[in-house]
Structure formats: structure tokens, C-alpha cells
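**Q** Chains A and B, in that order, are what the protein sequence lines are.
With positions in the first sequence counted from 1, the corresponding number in my numbering is that position plus 76.
With positions in the second sequence counted from 1, the corresponding number in my numbering is that position plus 17.
Don't read these hints as lab results, they were simulated from the structure.
Values in this document were obtained by computation on a predicted structure and should not be read as measured data.
The C-beta atom is built at its ideal place from N, Cα and C for all residues, glycine as well.
You may find that some hints are simply not true.
Stated by the list, open to error - Listed below are the simulated DSS-like cross-link pairs for lysine-lysine, each with C-alpha atoms no more than 27 Å apart in a straight line:
{"#": "1", "chain 1": "A", "residue 1": "K247", "chain 2": "B", "residue 2": "K23"}
{"#": "2", "chain 1": "A", "residue 1": "K349", "chain 2": "A", "residue 2": "K281"}
{"#": "3", "chain 1": "A", "residue 1": "K281", "chain 2": "A", "residue 2": "K263"}
{"#": "4", "chain 1": "A", "residue 1": "K223", "chain 2": "A", "residue 2": "K132"}
{"#": "5", "chain 1": "A", "residue 1": "K139", "chain 2": "A", "residue 2": "K188"}
{"#": "6", "chain 1": "A", "residue 1": "K349", "chain 2": "A", "residue 2": "K337"}
{"#": "7", "chain 1": "A", "residue 1": "K281", "chain 2": "B", "residue 2": "K124"}
{"#": "8", "chain 1": "A", "residue 1": "K309", "chain 2": "A", "residue 2": "K263"}
{"#": "9", "chain 1": "A", "residue 1": "K247", "chain 2": "B", "residue 2": "K124"}
{"#": "10", "chain 1": "A", "residue 1": "K234", "chain 2": "A", "residue 2": "K132"}
{"#": "11", "chain 1": "A", "residue 1": "K314", "chain 2": "B", "residue 2": "K22"}
{"#": "12", "chain 1": "B", "residue 1": "K22", "chain 2": "A", "residue 2": "K263"}
{"#": "13", "chain 1": "A", "residue 1": "K219", "chain 2": "A", "residue 2": "K247"}
{"#": "14", "chain 1": "A", "residue 1": "K340", "chain 2": "A", "residue 2": "K247"}
{"#": "15", "chain 1": "A", "residue 1": "K188", "chain 2": "A", "residue 2": "K163"}
{"#": "16", "chain 1": "B", "residue 1": "K23", "chain 2": "A", "residue 2": "K314"}
{"#": "17", "chain 1": "A", "residue 1": "K188", "chain 2": "A", "residue 2": "K223"}
{"#": "18", "chain 1": "A", "residue 1": "K219", "chain 2": "A", "residue 2": "K132"}
Unchecked claim - Non-contacting residues of chain A with respect to chain B, defined by C-beta distances greater than 12 Å in every case (computed):
{"#": "19", "residue": "K219"}
{"#": "20", "residue": "W237"}
{"#": "21", "residue": "R239"}
{"#": "22", "residue": "S284"}
{"#": "23", "residue": "P353"}
Claimed, not checked - Residues from chain A shown here face chain B by an in silico Cβ test under 10 Å; the list is partial:
{"#": "24", "residue": "D240"}
{"#": "25", "residue": "I243"}
{"#": "26", "residue": "D313"}
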Amino acid sequence: MENRQRRTATKAPKRAAKADKNVAEDVHVRITEFPVPPEPASAQGGRYVYGIIEAKQPLSFGKMGIGGAGEPVYTVNFQDIAAIVSKTSVYIFDPTRENALAHEHVIETVMKTHTIIPMSFGTVFRTDNDIREVLRSIYVSLKDVLKQMEGKLEFGLKVNWDRDRIIEELKDADEEIRRFHQEITRKHLQSTYFARMQLGRMIDKALSERSAQYVRDIYEALRGVCVASRDNKPIGDKMIMNAAFLVERDRERDFDAAVNKIAKYYGELLNFKYTGPWPPYNFVNIRLKLERGTAS
Amino acid sequence: MPKAKKPQILVVEDEASVLLTYRLMLEDQGYEVFCALSSHEAAAVLGSRRFDLVLCDLSLEQNHTGFEVFERVHKRDPKVPCVLLTGYANRETTERAEQAGITVFFKPIEIDEFLQTLQTILRNSHGKPAKANRN
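Input sequences plus hints: build the corresponding full structure.
**A** Printed below as a string of C-alpha cells:
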């Protein structure tokens with residue numbers, strides 16, 4: 077899914093402190109059984125929830141629901157907000173490629189016309205009434221998040237480096253490493269465990285510093301064109317940055333230009349993988365769960 | 018003529034700078050090196066790939082040990098040669114390693130001997146323990 081839309085990126089730096097805050101919240105809803113008249117679970121099973129939007133009227137988005145049967149995607153409304161859902165006979169979805177793409181496709185379609193709070197993959201409720209109850213009970217929070225996310229898109233940026241090339245560069249450019257390397261070579265200490273370990277430690281430290289510097293520069297270059305950013309854990313040892321950026325829809329081009337500029341600046345030294353637009357997965361972390369309690 | 022495939026070695030070590038040192042040393046010898054900083058990372062990479070040799074420190078993160086990694090390796094393929102690196106030379110460790118067909122190196126390792134042994138193990142590639150250093 078990640079490479080759904082890979083953008084071209086080859087371009088230059090400045091520097092940045094990590095931008096702003098991460099807009100996220102976990103919402104755990106506890107309801108009793110009776111506030112809403114019980115609606116019998118339909119024969120069709122549950123409701124798969126893709127996300128939440130602002131909508132005063134019921135809407136339909138076509139027959140593209142998850143599960144392969146082309147279930148219609150429609151809204152379950154509460155006041156001026158609505159959950160995007162489709163019927164499902166399955167309660168637990170395996171995160172297969174097909175299911176993940178179906179989930180993503182619905183969100184993408186809705187995103188074209190609405191600001192959406194995306195739900196985690198696999199969110200299933202029993203009935204429309206259950207969903208309405210959730211919307212009712214966290215209405216204020218949802219409205220708040222929708223307001224914060226209005227007109228904003230997420231972009232992903234992963235940066236890999238050519239570690240070997242940087243190490244070679246460090247052996248020449250880093251005075252301390254260069255001298256130590258020369259010394260152990262001159263004294264034929266390459267086969268000495270402690271000398272090798274010491275050199276390894278020096279290179280490791282220099283690599284960490286270099287990587288942190290690059291990451292700071294990239295954030296700095298993008299800070300002016302994004303609303304917020306989130307730093308995720310890099311994957312594998314070639315990746316030095318795995319970030320998500322929240323960008324105003326009308327500044328998408330500026331963000332694009334800034335990414336290309338910094339990627340060009342680093343040329344072959346760093347490899348930028350730039351994806352999006354995505355719904356704000358990294359900035360909204362709402363996991364809806366209905367806990368059924370007993371009324372007292 | 019097709020290029021000969023480089024032997025692939027997985028190195029598991031929970032100290033990043035030491036891991037990098039092994040990596041640089043082994044890459045200098047022409048091996049393709051994969052690194053894991055924990056037994057968890059090792060488990061993940063072992064689930065998706067077969068290695069020609071696995072090199073692992075005895076003490077890993079928290080209370081995990083290299084033996085756990087080797088068990089996982091041998092569960093998938095008992096023929097993959099394994100090499101244990103340890104700074105703690107005790108009989109129990111050595112016996113356990115020998116029983117499992119694991120070569121043991123005691124730190125500080127003699128680098129030339131270490132590299133030579135790896136080369137021999139890979140050449141033979143029967144998974145039989147090579148003679149380890151006993152410094």
C-alpha cells in the first residue's frame with residue numbers, strides 16, 4: 077500500500093526542528109446496553125467502519141465495500157457527522173493485500189470530497205445503532221478532530237542513505253577517524269580486536285551524528301510548508317528517516333517543491349521515497365471500541 | 018560469466034557499534050552481511066530468509082540469548098552453520114554449544130583466526146563445529 081502513489085523526489089536542504097504536534101487521540105467508548113433501543117443484529121452481520129466525516133445528509137459512495145462482494149458504502153449519520161460503512165458478514169478481517177486495498181480505496185474515494193478521520197483497518201460494529209451511539213458519545217471529540225484535519229493531507233517521506241559511501245567519506249573527512257584508521261594500519265593493528273572495536277565505535281558515533289544532522293536539515297527544509305510532522309521508527313538499517321507530514325491541501329505544491337528541492341540537494345547521497353496524499357493516519361489515532369456494560 | 022553469489026551472513030548483536038564493527042569486518046571479506054540488534058529482529062529476518070551462516074552474541078537484549086536465535090535457525094534448517102560469540106567462558110555454555118554443533122569464539126577474538134574459521138565453515142558448509150579459539 078505504501079507505494080500507492082510514489083512521488084518523484086530528487087532534491088535540497090536547510091534544517092528543521094521537528095515540526096509541531098501530533099494530533100492524536102484514542103477514544104474508547106463505554107456504553108450501556110440500553111440508551112438506544114436495541115436494534116436486532118441484521119442477518120447480514122456487522123458494519124465495517126472506514127472513517128468519519130462531516131455530513132448532514134445520508135450519502136452513498138458506490139459498491140466498493142470490503143469483503144469482495146461489492147457491498148454499498150454508505151453513511152450512518154448522527155447530527156452533522158457520519159460514519160462511512162459497509163455491511164459485512166465477517167467480524168474479523170485478515171490484513172490481506174486485497175482487504176487492505178479495499179479499505180484504502182474507500183478512504184481514498186471519500187477523501188476526494190471530504191475530510192475524513194480514517195479508522196484503523198478492521199473496525200467492525202454490530203449494528204448501525206451501535207455506530208450512532210459511538211458517534212453520539214464522542215461527538216465533541218470527533219468534531220474537534222475533523223476541524224483540526226479540515227483541508228489537510230498527509231504525505232509520507234522515507235529517506236535512505238548509502239551507508240557505505242558515507243563511511244568511506246568519514247574515513248577521509250573525519251579527522252579523528254582518519255587518524256585512527258591510519259594509525260592502526262601503520263601499526264598493523266587491523267587484526268587487533270580492541271583496535272577494530274574502537275574504530276567501529278568511532279564510525280558508529282559519526283554515522284549517528286551525520287544521520288541526525290541530515291534528518292534535522294530535512295525537517296527544517298519542510299517545516300515552513302507543513303502543519304505538523306511525525307517521526308516514525310526507521311525500518312531497516314539503510315533508512316534514516318521515516319516521517320509523516322500534515323500539509324494544507326492548498327500548500328500541496330509548495331510541499332512537493334520543498335521535498336524535491338532538498339532531495340536534489342542531497343543528490344545520490346540520500347534516497348527520498350515520497351508518498352501521498354494519504355488520509356491523516358499518523359495524526360489521528362482513533363480506535364473505536366464499544367464496550368458493552370450492564371446498566372445499573 | 019555470472020558473478021558468484023556472496024555468502025550471506027546474519028550477525029546478531031545488541032550493541033550497535035559492535036554490530037557495525039562485525040559488519041565492516043565481514044563486508045571487507047566480501048560477505049553480504051545482514052544485521053539484527055535483538056533476538057526479535059533476528060526472528061523477523063530469519064522468518065523471511067535463509068542465511069549461509071549465523072553469527073550471534075551470547076548475551077542479547079534483556080535476558081535473551083544467542084541460543085534462542087540458533088534454535089530458531091536450526092528449526093528452519095539444521096544445516097545452517099552457527100557461530101557463537103561470548104565474553105564469558107564457562108563450561109556449560111561451551112558444552113551446550115558443542116552439543117548443538119555451534120562453533121564458539123571467546124572475546125576478545127583473534128580476528129585473523131576468526132575470519133579464517135568463518136571461511137572454512139562456509140567452505141565446508143556442513144554445519145559441523147569448527148575448532149574455536151579458546152583465549
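**Q** Decide, hint by hint, whether the structure agrees.
**A** Status of the hints after comparison with the structure:
no.	hint	result
1	A/K247 x B/K23	25 Å, holds
2	A/K349 x A/K281	25 Å, holds
3	A/K281 x A/K263	23 Å, holds
4	A/K223 x A/K132	15 Å, holds
5	A/K139 x A/K188	17 Å, holds
6	A/K349 x A/K337	14 Å, holds
7	A/K281 x B/K124	22 Å, holds
8	A/K309 x A/K263	40 Å, violated
9	A/K247 x B/K124	26 Å, holds
10	A/K234 x A/K132	38 Å, violated
11	A/K314 x B/K22	21 Å, holds
12	B/K22 x A/K263	34 Å, violated
13	A/K219 x A/K247	55 Å, violated
14	A/K340 x A/K247	25 Å, holds
15	A/K188 x A/K163	22 Å, holds
16	B/K23 x A/K314	19 Å, holds
17	A/K188 x A/K223	17 Å, holds
18	A/K219 x A/K132	13 Å, holds
19	K219	40 Å, holds
20	W237	14 Å, holds
21	R239	9 Å, violated
22	S284	8 Å, violated
23	P353	30 Å, holds
24	D240	8 Å, holds
25	I243	7 Å, holds
26	D313	6 Å, holds
Comparing the model with each earlier hint shows violations of hints 8, 10, 12, 13, 21 and 22; every other hint is respected.
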